[in-house]
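Protein chains in written order, with the working numbering: chain Y, 1 to 178; chain P, 1 to 178.
If you are wondering where the hints come from, they were derived from the structure by calculation, not from laboratory data. Values in this document were obtained by computation on a predicted structure and should not be read as measured data. Errors might be hidden in some of the hints.
If chains are identical, the list can't say which one is meant, so a pair holds when it fits in one copy or spans any two.
Said to hold, decoys possible - With a cut-off of at most 35 Å between alpha-carbon atoms, the simulated DSBU-like pairs for lysine-lysine come out as follows:
1) 88 - 3
2) 124 - 3
3) 123 - 88
4) 169 - 88
5) 123 - 169
6) 49 - 124
7) 156 - 26
8) 26 - 3
9) 124 - 169
10) 123 - 3
There are 2 protein chains.
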Amino acid sequence: MHKGFALWFTGLSGSGKSTLSERIHKRLVRAGARVELLDGDEVRTHLSKGLGFSKEDRDTNVRRIGFVAELLARNGVIAITAAISPYKETRDIVRSRIGEFVEIFMDCPISVLAERDVKGLYKKALAGEIPHFTGVSDPYEPPVNPELRVDSSSEKIAVSEERVWQLLKDRGLIPLSW
Amino acid sequence: MHKGFALWFTGLSGSGKSTLSERIHKRLVRAGARVELLDGDEVRTHLSKGLGFSKEDRDTNVRRIGFVAELLARNGVIAITAAISPYKETRDIVRSRIGEFVEIFMDCPISVLAERDVKGLYKKALAGEIPHFTGVSDPYEPPVNPELRVDSSSEKIAVSEERVWQLLKDRGLIPLSW
Numbered sequence: 001m002h003k004g005f006a007l008w009f010t011g012l013s014g015s016g017k018s019t020l021s022e023r024i025h026k027r028l029v030r031a032g033a034r035v036e037l038l039d040g041d042e043v044r045t046h047l048s049k050g051l052g053f054s055k056e057d058r059d060t061n062v063r064r065i066g067f068v069a070e071l072l073a074r075n076g077v078i079a080i081t082a083a084i085s086p087y088k089e090t091r092d093i094v095r096s097r098i099g100e101f102v103e104i105f106m107d108c109p110i111s112v113l114a115e116r117d118v119k120g121l122y123k124k125a126l127a128g129e130i131p132h133f134t135g136v137s138d139p140y141e142p143p144v145n146p147e148l149r150v151d152s153s154s155e156k157i158a159v160s161e162e163r164v165w166q167l168l169k170d171r172g173l174i175p176l177s178w
Numbered sequence: 001m002h003k004g005f006a007l008w009f010t011g012l013s014g015s016g017k018s019t020l021s022e023r024i025h026k027r028l029v030r031a032g033a034r035v036e037l038l039d040g041d042e043v044r045t046h047l048s049k050g051l052g053f054s055k056e057d058r059d060t061n062v063r064r065i066g067f068v069a070e071l072l073a074r075n076g077v078i079a080i081t082a083a084i085s086p087y088k089e090t091r092d093i094v095r096s097r098i099g100e101f102v103e104i105f106m107d108c109p110i111s112v113l114a115e116r117d118v119k120g121l122y123k124k125a126l127a128g129e130i131p132h133f134t135g136v137s138d139p140y141e142p143p144v145n146p147e148l149r150v151d152s153s154s155e156k157i158a159v160s161e162e163r164v165w166q167l168l169k170d171r172g173l174i175p176l177s178w
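The following block holds chain Y by itself, in its conformation from the complex:
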């Protein structure tokens, strides 16, 4: 029916990872796929409790999500992840362990994110009030060669969704009839 693979969203807070990943998840569920979305709350509660924001802890978190995605993917399940996953090396380690790995880079300039600032976090971070805020007071290393780059400052979400969907078909990961 479909392959097992990891659909790995990466990008800054507010860049649209959750929104887009949820749309793809719903669409896959409707199509009858075996799919899991490993997003913020569930991961924090069940996998990452006790971890903080140091490089080591962030890496542990990402590698742990990667481990679970690997178990799912190698058993024919689609694992969608939507963690910031700021470090390139760690993402690449996860990639190397998972047979089919599709990295979606949610690219949005800090200036746009700070202007939207849905959760009011960028204002605080830019004022120096949040010590480990990715993209402001903590590094974000963008993917060099992601399977897809989404410019979420300009692209409509429905268009991004279609591009991801088409990519999965083009790569033979989901049936063309979907």
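Please build the complex by placing chain P on the supplied structure of chain Y, with the hints as guidance.
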């Protein structure tokens, strides 16, 4: 082909969880099942790094393994776990979250384990040198109503393997033809 379920081994250190779970795992792999064995080393490296032996940390570990088993089982994969999982309430919480949950209680008296003492740990624990050693200096709450109890002090491993295998068939979890 087969159902998704959790095959949950529980019992003291040295009671035979790893040995029996590995035999069942191999047999399922040979039969062509989608199956994962979540045993010691892999779990410690990938899921439980940083956790200790307090009740809270042990519970976190068991619930985390349970979460991964749940993700696998609900996608049609067989998840075999072989952690001590000493607390009844925690095992029961995991059970309640997973549709198909088969608990195998590896039952072996401390006296026998201390005599075998493959890793030399019981001697140390009984001498008071290991502060949180399950069954000696830390509690183990046996299952009240497990799907299967294995007396690993007297039963041959090949017999135990057959009993587990038959149980999975009896419950309709794997095909009768296996």
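Practice task
Pop the pair residue 123 and residue 169 into one bin, within, between, both or neither, using alpha-carbon distances up to 35 Å.
Solution key: Answer is neither: 40 Å inside a copy and 59 Å across each miss the 35 Å cutoff.
Exercise for the section: At 35 Å max between alpha carbons, let me know whether residue 49 reaches residue 124 within a copy, between copies, both or neither. Expected result: Close inside one copy (24 Å) and across copies (32 Å); limit 35 Å.
Problem - Homo-oligomer pair classification [residue 169, residue 124; C-alpha up to 35 Å] - result: neither (41 Å within a copy, 58 Å between copies)
Handout entry: Same-copy or cross-copy closeness of residue 156 to residue 26 [CA-CA at most 35 Å]
Key = This pair counts as within: shortest intra-copy Cα distance 18 Å, inter-copy 49 Å.
Problem - Intra- versus inter-copy proximity for residue 3 and residue 123 (alpha-carbon distance at most 35 Å) - result: neither (42 Å within a copy, 50 Å between copies)
Handout entry: Intra- versus inter-subunit Cα pairing at 35 Å for residue 123 with residue 88
Key = The answer is within: 26 Å in one copy meets 35 Å, while 47 Å across copies does not.
Handout entry: Intra- versus inter-copy proximity for residue 88 and residue 169 (alpha-carbon distance at most 35 Å)
Key = So residue 169 and residue 88 pass the 35 Å test inside one copy only (26 Å; across, 46 Å).
Exercise for the section: Pop the pair residue 26 and residue 3 into one bin, within, between, both or neither, using alpha-carbon distances up to 35 Å. Expected result: Answer is both: 17 Å inside a copy and 24 Å across each meet the 35 Å cutoff.
Problem - Up to 35 Å CA-CA - residue 3 versus residue 124, copy category - result: This pair counts as neither: shortest intra-copy Cα distance 42 Å, inter-copy 49 Å.
Handout entry: residue 88 and residue 3: within-copy, between-copy, both or neither at 35 Å Cα
Key = So residue 88 and residue 3 pass the 35 Å test inside one copy only (25 Å; across, 38 Å).
The structure is inconsistent with the numbered hints 2, 5, 9 and 10, although it conforms to all the rest.
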